[in-house]
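Going down the list, the sequences are from chains A and B. Everything in the first sequence is counted per the working numbering, starting at 1 for the first residue and increasing by one. Everything in the second sequence is counted per the working numbering, starting at 1 for the first residue and increasing by one.
Because the hints were derived from the structure by calculation, they are not lab data. The reader is advised that the hints may include incorrect statements.
Any copy will do: because identical chains look the same in the list, a pair fits if it lies in one copy or spans two.
Unchecked claim - In the DSSO-like style, the derived pairs of lysine-lysine whose C-alpha atoms are separated by at most 27 Å in a straight line are:
1) LYS191 to LYS156
2) LYS209 to LYS18
3) LYS18 to LYS156
4) LYS87 to LYS149
5) LYS105 to LYS149
6) LYS149 to LYS191
7) LYS87 to LYS240
8) LYS156 to LYS105
9) LYS240 to LYS191
10) LYS240 to LYS18
Single-letter residue listing:
There are 2 protein chains.
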Amino acid sequence: MEEFVTLDYGSGGGKTAKLISEMIVPLFSNEALNELSDGAVVDGADKIVMSTDSFVVSPVFFPGGDIGKLSVCGTVNDVSMAGGEIKYLSLACILEEGFPFADVKRILDSIQRTAEEAGVMVVTGDTKVVERGRGDGIYINTTGVGVLKTPGLSVKNLRAGDKIIVSGPVGDHGTAIMLARNANLVEADVKSDCAPLKRMALALGGLGKDLRVMRDPTRGGLATTLNEFIEDSECGIELKEDAIPVRPAVSTVCDILGLDPLYLACEGRMICVTAPEAEERALEILRNFPEGESAVTIGEVTSAHPGTLVIRTALGTGRIANKLAGDQLPRIC
Amino acid sequence: MEEFVTLDYGSGGGKTAKLISEMIVPLFSNEALNELSDGAVVDGADKIVMSTDSFVVSPVFFPGGDIGKLSVCGTVNDVSMAGGEIKYLSLACILEEGFPFADVKRILDSIQRTAEEAGVMVVTGDTKVVERGRGDGIYINTTGVGVLKTPGLSVKNLRAGDKIIVSGPVGDHGTAIMLARNANLVEADVKSDCAPLKRMALALGGLGKDLRVMRDPTRGGLATTLNEFIEDSECGIELKEDAIPVRPAVSTVCDILGLDPLYLACEGRMICVTAPEAEERALEILRNFPEGESAVTIGEVTSAHPGTLVIRTALGTGRIANKLAGDQLPRIC
């Protein structure tokens with residue numbers, strides 16, 4: 001392998017083959033992928049769940065993860081939140097000419113580790129190269145296919161009194177990316193929460209109909225995701241501000257930079273809504289996993305203000321938190 | 001919709017929602033997509049076929065197609081060549097800040113038309129926006145999932161005497177892209193052959209074991225694809241040069257620009273290898289479709305020179321055609 005990516009590696013010819021056979025296949029080796037045909041044949045089931053995501057995060061390496069880990073977690077989590085047990089992943093990279101192969105290798109290793117951790121196989125892939133200045137190092141698309149294990153999840157299931165639970169502190173990922181971009185501006189020890197939520201989501205599926213919906217609050221953060229839950233709905237949501245877990249370092253950084261942690265992306269957190277009688281069981285299930293050990297109830301569904309998310313302070317005053325309109329932090333995933 | 005893409009449209013907030021609800025959902029409306037959850041739940045089967053491709057073609061509009069049509073055909077064809085009946089497609093766009101929404105619309109329309117023509121549903125998607133100068137207008141990833149209809153296709157099936165058939169003239173797509181980039185250099189009436197091969201591939205599946213393998217010669221062209229057939233194999237391939245269909249305009253442009261049409265990408269052609277006794281039936285099936293009306297046998301598998309593709313001229317002399325090493329034409333798909 002040479003030191004840097006050149007356009008030849010996107011040619012579909014010998015150099016592309018070298019890249020695939022030397023850097024990709026050894027890492028992800030499995031029967032379906034090793035065929036190296038253009039499509040992967042995998043076992044299916046009656047209902048499958050499919051999700052896609054492109055990752056353009058900048059910088060590609062950040063505290064707590066990198067674009068490789070993120071590109072596996074992002075899609076694993078989307079399929080998991082939809083009630084699927086993810087099994088297969090496609091992996092498509094757009095490389096910029098001049099990007100170091102050492103970084104490609106580091107990212108692929110990270111993809112391999114995370115895929116193994118999440119129990120998902122990379123079964124098909126694609127590599128393109130664009131000229132210098134037409135990309136930004138590396139962009140990755142992953143598409144996941146899984147088997148439907150928890151059917152019936154939908155925001156339409158929400159009822160007044162349902163509990164809103166979050167699996168851990170919010171805003172870590174967005175803050176970590178912000179800090180990685182502005183190392184000289186603020187110094188703080190914040191890591192991305194980037195992690196696969198597959199196991200927790202499957203375990204929660206055992207709640208049956210008492211589990212209304214699950215979602216990972218990525219772009220737009222907790223507040224935007226909860227707004228999506230109640231759009232065009234007869235329900236509203238009320239959160240207790242002091243119940244929402246935010247790490248002190250994240251709070252401080254957000255204060256300094258003028259950001260709101262409730263709108264910052266998480267990449268290893270889930271929000272779930274449960275029937276009131278399932279709240280305790282849900283918390284127990286989540287806290288059984290290291291990634292859910294600080295799971296906590298942060299509010300509930302209400303019929304009082306349909307379509308509106310209200311955040312209630314300890315003093316009893318409330319503020320409306322709308323959906324994120326513009327982008328407070330582009331390219332965080 | 002504003003006139004140009006801004007970073008806000010990648011925020012995951014209100015503008016992203018607007019882009020999705022106003023430009024994407026109306027076009028591709030179906031039950032799975034309309035849920036707008038992060039993963040699509042679709043019907044599956046015992047064996048599924050999965051394929052992914054990122055499209056970075058430049059320019060995005062070219063004679064005979066555009067990046068939208070290409071991004072559907074590319075993945076439809078990969079799944080089809082693997083013996084699958086493609087059913088579901090994911091669609092992920094990376095937009096560059098400042099790209100005109102009119103062009104986004106035109107590309108999405110083209111995706112919709114092509115998906116309808118190919119009988120495939122877009123069931124899940126994603127949109128990211130990168131800053132000006134970090135992309136090139138639009139990059140698209142599609143991942144396709146289909147049901148396995150023609151099992152057992154493999155280059156391992158090749159036997160001496162098998163016939164090599166191509167469904168139409170080669171090199172049109174690569175030449176059309178080259179011309180679109182160099183409009184002032186050469187003028188010629190060449191259109192991309194970009195088309196979905198789903199119906200033809202499914203029909204050929206009826207040949208059973210007599211159909212050895214199918215492949216669409218995209219990046220690297222006919223010569224590279226045939227080299228891939230015989231790598232590490234005890235078979236070689238011999239082509240009759242004057243049997244290989246190349247349009248006169250393509251020949252002329254290639255002569256002027258110093259390109260070899262046998263290495264130029266096709267995006268609506270297929271190569272199939274059949275048992276000798278199935279050759280006529282295969283040609284009949286292909287010629288039943290407008291996109292296969294000029295299907296023709298161009299050579300055969302031989303045991304004479306294992307691993308080597310030889311192109312035999314009318315005079316009886318032969319030249320070895322190796323796999324493409326570098327890139328004669330980057331970003332053609």
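These are the hints, each one checked on the structure:
1. Proximity of LYS191 and LYS156 under a CA criterion of 27 Å is satisfied in neither setting, with 34 Å inside one chain copy and 48 Å between copies.
2. Taking the shortest Cα distances, LYS209 and LYS18 never come within 27 Å of each other, neither inside one copy (50 Å) nor across copies (31 Å).
3. Only between protomers do LYS18 and LYS156 lie at most 27 Å apart by alpha-carbon distance; the minimum there is 21 Å, versus 49 Å within a single protomer.
4. Taking the closest pair of Cα atoms, LYS87 and LYS149 come within 27 Å of each other both inside a single copy (12 Å) and across two copies (21 Å).
5. Taking CA atoms no more than 27 Å apart as the test, LYS105 paired with LYS149 passes in neither setting, with 34 Å inside one copy and 36 Å between copies.
6. Neither within a single protomer nor between protomers do LYS149 and LYS191 lie at most 27 Å apart by alpha-carbon distance, with minima of 31 Å and 47 Å respectively.
7. In the homo-oligomer, the alpha carbons of LYS87 and LYS240 never lie at most 27 Å apart, since the shortest distance is 37 Å inside one protomer and 45 Å across protomers.
8. In this assembly of identical chains, LYS156 and LYS105 lie within 27 Å of each other by CA distance neither inside one copy nor across copies; the values are 43 Å within and 31 Å between.
9. In this assembly of identical chains, LYS240 and LYS191 lie within 27 Å of each other by CA distance solely inside one copy; the values are 25 Å within and 61 Å between copies.
10. With identical chains, the CA atoms of LYS240 and LYS18 are never at most 27 Å apart, being 55 Å at best within one copy and 29 Å at best between copies.
Consistency note: the structure conflicts with the earlier hints numbered 1, 2, 5, 6, 7, 8, 10.
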